[in-house]
Amino acid sequence: MASTSKKQITQSSQRKSRKPNNVNLHASQNDEITVVGIGASAGGLKALESFFEALPSNTGLAYVVITHLHPEHESHLAELLQRHTQMPVQQVNGLIHVEKDHVYVIPPNRRLVMEDSQIDLTEFKEPRGQRAPIDYFFRSLARGHPNSVGIILSGGGTDGAVGVKAIKEEGGLLMVQHPDEAEYNSMPQAAIATGLADVVLPVKGLAKKLVEYTQHRPLLPLDADELDEEQQEAVRRIIAHVHARTGHDFSQYKRSTLLRRIQRRLQIHGLSTLEAYLDYLRQNPTEASALFNDILIGVTSFFRDRESWEKLASEVVPQILKDKDTGDMVRTWTIGCSTGEEAYGMAILLFEESDKLEVRPQIQVFASDLDENSIKYAREGLYPAAIEADVSSERLERFFTSEGNHYRVSRELRDVVLFTHHSVLRDAPFSRLDMISCRNLLIYLEREVQDTVFDIFHYALKPGGYLFLGNAESAESAHELFQTVDKVSHIYRTKPWSREQPHIPSLPLSIGSTTYGELYSQPHIPRMHSTMEIPRLSDDHYKALEVSAPPSVLINEKYAVLHVSEKAGRYLVQPIGPITTDVLKLVRPELQLELRTALFRVFERDQALLTQPIPVRFNGHPHRVILSISPRTGTAEDGQKQEKQALIFFLEDEQNDFSVQVTQELDETHQNVLVRQLENEVRRLREQLQASFEEYESSSEELKASNEELQSINEEYRSATEELETSREELQSVNEELQTVNNELKNKLEEISRSHSDLENLMGSTEIAMLFLDRELRIRHFTPGMQELFNIMPVDRGRPIRHLTHTLEYNEFIEDAEQVLRTLVPIEHEVRGAKGGWFLLRMRPYRTVDDRIDGVIFTFVEITRLKQAEAGLVELNATLEQRVIERTRELDEANQKSAQARDLFYALFHANPIPTALMRMEDNVFINVNIEFLNYFNFQHEMIMGHSAEEFGLVLWPRQEAQTRETFIARVKEAGKVGNYETEIKHPLGGTRNVLASVQYTKLDNTDVLITSFIDITDRVRAEQQIRVLASELTVAEQAERHRLAQILHDDLQQRIFAVQMHMSFLKEAYEKNDLQAFKVDFPQLEEWLAEAIKVTRQLSVDLSPPILHGEGLIEATLWLAAQMEEQYGLKVNIKSEGKRVQLDENVRVLVFYAVRELLFNTVKHAGTLNADVSFENHDQRLCVTVSDQGRGFDNTELISDPKVAHGLLSIRHRLNLLGCSMEVKSQPGKGTQANIEVPYAEMEAGL
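Taking this note's numbering, I'd label the letters of the sequence shown as residues 5 to 1252.
Please note that a few of the clues may not be correct.
Think about it this way: if two alpha-carbon atoms lie no more than 25 Å apart in a straight line, the pair counts; the simulated BS3-like pairs of lysine-lysine are [said to hold, decoys possible]: (1) K990 / K208; (2) K990 / K1007; (3) K1077 / K1169; (4) K326 / K466; (5) K129 / K315; (6) K1169 / K1235; (7) K208 / K50; (8) K466 / K499; (9) K104 / K213; (10) K1169 / K1144; (11) K50 / K104; (12) K589 / K326; (13) K104 / K129; (14) K328 / K380; (15) K499 / K326; (16) K466 / K589; (17) K977 / K1007; (18) K1007 / K901; (19) K648 / K562; (20) K589 / K315; (21) K328 / K466; (22) K104 / K315; (23) K50 / K212; (24) K1230 / K1140; (25) K104 / K212.
Across the chosen pairs, the derived CB separations fall in these ranges [as the list claims (entries may be wrong)]: (26) A911 / T996: 45 to 51 Å; (27) R869 / E926: 45 to 51 Å; (28) R779 / V878: 38 to 44 Å; (29) T996 / I1061: 54 to 60 Å; (30) E384 / D332: 37 to 43 Å; (31) R836 / R801: 23 to 29 Å; (32) G148 / T996: 37 to 43 Å.
Derived by calculation from the structure, the hints in this document are not laboratory data. Quick caveat: nothing in here was measured; it's all calculated off a predicted structure. Glycine residues also receive a C-beta, built at the ideal position from the N, C-alpha and C atoms.
Let the sequences and hints guide you as you build the complete structure.
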């Protein structure tokens, strides 16, 4: 649990104690893959999808997604994420090697661990409610990948809040989704609350920032000596700027660590040079604090380096407590406590060990740090639930209380841990300590500073006290002060002080803060030219006074030190015990009495005072010190109130020199007077001292007695307090119960009042005649309707019912009422009134709330109309029964037909040979799909039921039309059906497909349903595209052939005919001149030209369409072709024919011939051989034509890479496919080439 937030060293020559943020400056120079750990929980799926959609697929990073999954449910997270990224996404099911541009997903009921460049699975050891898979993975990631990235997305709880600390500790980058965007913001807020987040943005902003971060990795030399002068100057200016802004001087901090921190800030802001970062620092005031926090990154946890803590608990703590008594105090000091985990852990060990003892000593744990925010956090003692990974359940139950997603340290533990702001080298140490814990601080200090710190530790510890250091630290260099207890756990113990002088380390007592003048006075930091960094003249003046003036101390009227000059430490000594600012306790013992008297007089009389010389020994030499005290008025801390102050100057010289000077200036008489005055003063002071001493002894006895009495009273008070607390809790409990009962009674009364009001309103407004009688059948209440049936008035309440007359044809009231009281069985009668009206009389027992019978209730419901309707109902009932029977029969038939229709519909639906789906119209959720739909998309039925088409990237409305889904649905609903439209859909397995779709609107079970079906026409569309390409290619080929024929006709045939024509003109003239000699000379030439012209025309005819192909058949044409190839190109073609000869359709015959010719031409051009074979065979109702050679062969991919070869062969193959034939080319380098052409008999004619 070693704290790496060691912020104990400030000012020049003091080294910062936090663990460095080890950014890998050479990440771009090696092959290490940067791993991005992504933690998410509730609401995280949407965030993950958005993140990967916005992320390029070639970042060169590896991504590991950690989510909270149900341990017993199969996870489809990998499949869902795959739809949003081109990177491979896979669920980790075993040991796997990490590759860049891959996404790895956690499986259910397992946690992932990063080991070097591999991811492995481990089982959960914690109960389900205490698992923290994100923290666990982030910790393992940080151990082996210091340049990793941690990302926290939407989720509930605090998982990840501890793991991100580990990533930051090792120099990684922490990115958090903005809580306002997160669907559940508990996890993002917990990560932000650590104060370590580098980037807080919406999800898409995180993706963009991650790309920028990885693409911009400027390199800086790790060795400061490798920096050029400009870079060194920039580093010094950066340090000076941070000093000016924060008051902390990093000028002597290790340069390599500083460069790592600055390098990281450059990378975050996309800057390339130190000069650019310096400008950014000046333009952004908050950046200095950000760099300061990066340098002093604070990371800690409970019981870090568990083996060392176990050794501490088993061997050191028992030794510390074994000789302690009840009144003794165990004192420990945790330095660089950060947020308090280590300090509380130390207190836990002490409590656990003291619980084993019969005599329990008192415990006091001092914890110090420079960060006020960390101290405030530590005092709260509230930590995320993720500490369950570091703290056992027994300790959680003993020392913590659960508060939602956090644990709070118990009051018992907080009472013994004292947190304070403290610097190891600036402030005086705690003293008489049993143990000091200072882990991972010393490794970042220079050797000289380490020696100073060890000296302070030895002074602060008791003889035999223990020192607990971090795993990378050692006290071997201070072997004179400490001996090794456990080298592996880095536990040491003080040695006795071997020198004659008492061991008092040199402690600077400067209280004022560093000024600009002090900052720029450092020899290694040149002055800056920025106007904000020019030291003020007042600072120079102040510093000159500090150097030249006598040592002084400024105090207030309460004797508290307000300021100490630079050289005043010579006269001040910090006493053992708690740190004090009381000047009477701080000054050397020889000066205390004189100073007390002088201060009293100065504040009493408000006059300056100069004391007599006081002998003081410094380093064994006698000196005399004179105190000069001047009163002054200063301003209090609130800036308004004036308070009394005094300035104490210490005037000193060696005793001999001082006495010589005084003797020379005073004569003998004056010396005698002075001596007498001094003797009187001494006598008076002795008397005063004796009186003070006697008063002190008396007061001490009284104080001791009072203290014992107070202790007794305190024990009684504590006991009484506990009893009162118990009584208070009991009374509070009783009071709460009584209050609850009182509220219930109040509610009951209100309820009764409302019920009474309701009853009164009911009695007064109901048309039902009601009569309430008591057990003696006396009238209790009645409704107004009773006055029409009985001769009753309000004054008749309390009279027996038998005394009243009525108008009903019913005289058994009394007997029936008595029967109801006796049997408690209600009685009903239909009675008739005197005017012919009918009433339904009901007699029921009157039951009280406690179920006691206390009378009878009569109700008279008029049923005159009911009786009149009964007669009509008898007849109507018969008619209705007949109609109901007929309607029921019709309804059964309709239901049967509907069921048959539904069964038929679903039978046809599932038997439909094309993919079809039923979708709810309002949200495109699948209701049902047929087997063809599932097979087409490679879906499982349970995988898509209840999900919308959009979740799988399926858009089935026409994309070519400028309309939304809503407008398309409105169009379908209005027309009832939109059919036969072509559109493109994304296939889940990749790529797009062309479909011919149809959507029909209907209702099923009162639900608007869309019946969507489609046919895959991808092949047809591609074929059409190929036909268009081939048609274009054919046109080009025809144009080329025409151009070739025209060129032959023009350049060859036409020239020869023109020559013949010219000679014919010459012969005509010769004929006319009767020149026979000319005929003898020109006729042979004409015959030769005409023969060559006839040869050219014959060759053109053969090239365009060999006559033998049409006259004699394919084999004969091939034989002719073989002769032509041997004659023209020297290619010897062996032709073989087996089986029955079949006459081919002319189109097929011509196309096969040209295919063979094209293949032979390719042999001549590319095979490097002068032999080829052509065979004709009949197999399985097919004619098989094979063209082969034993040439050099080629890789099949060359068929695509050579456009000339590809064009000819693919064109022929496509035309053969159009006629129902096929062609396949097989070849391997060095093994020749073979082309197989197959023609089914369906394309042939009978006979050969």
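Inset, instruction - Just pull the numbers of the violated hints for me, sorted ascending. - result: Numbers 2, 3, 10, 12, 13, 14, 20, 22, 26, 30 - these are the hints that the structure violates, sorted from lowest upward.
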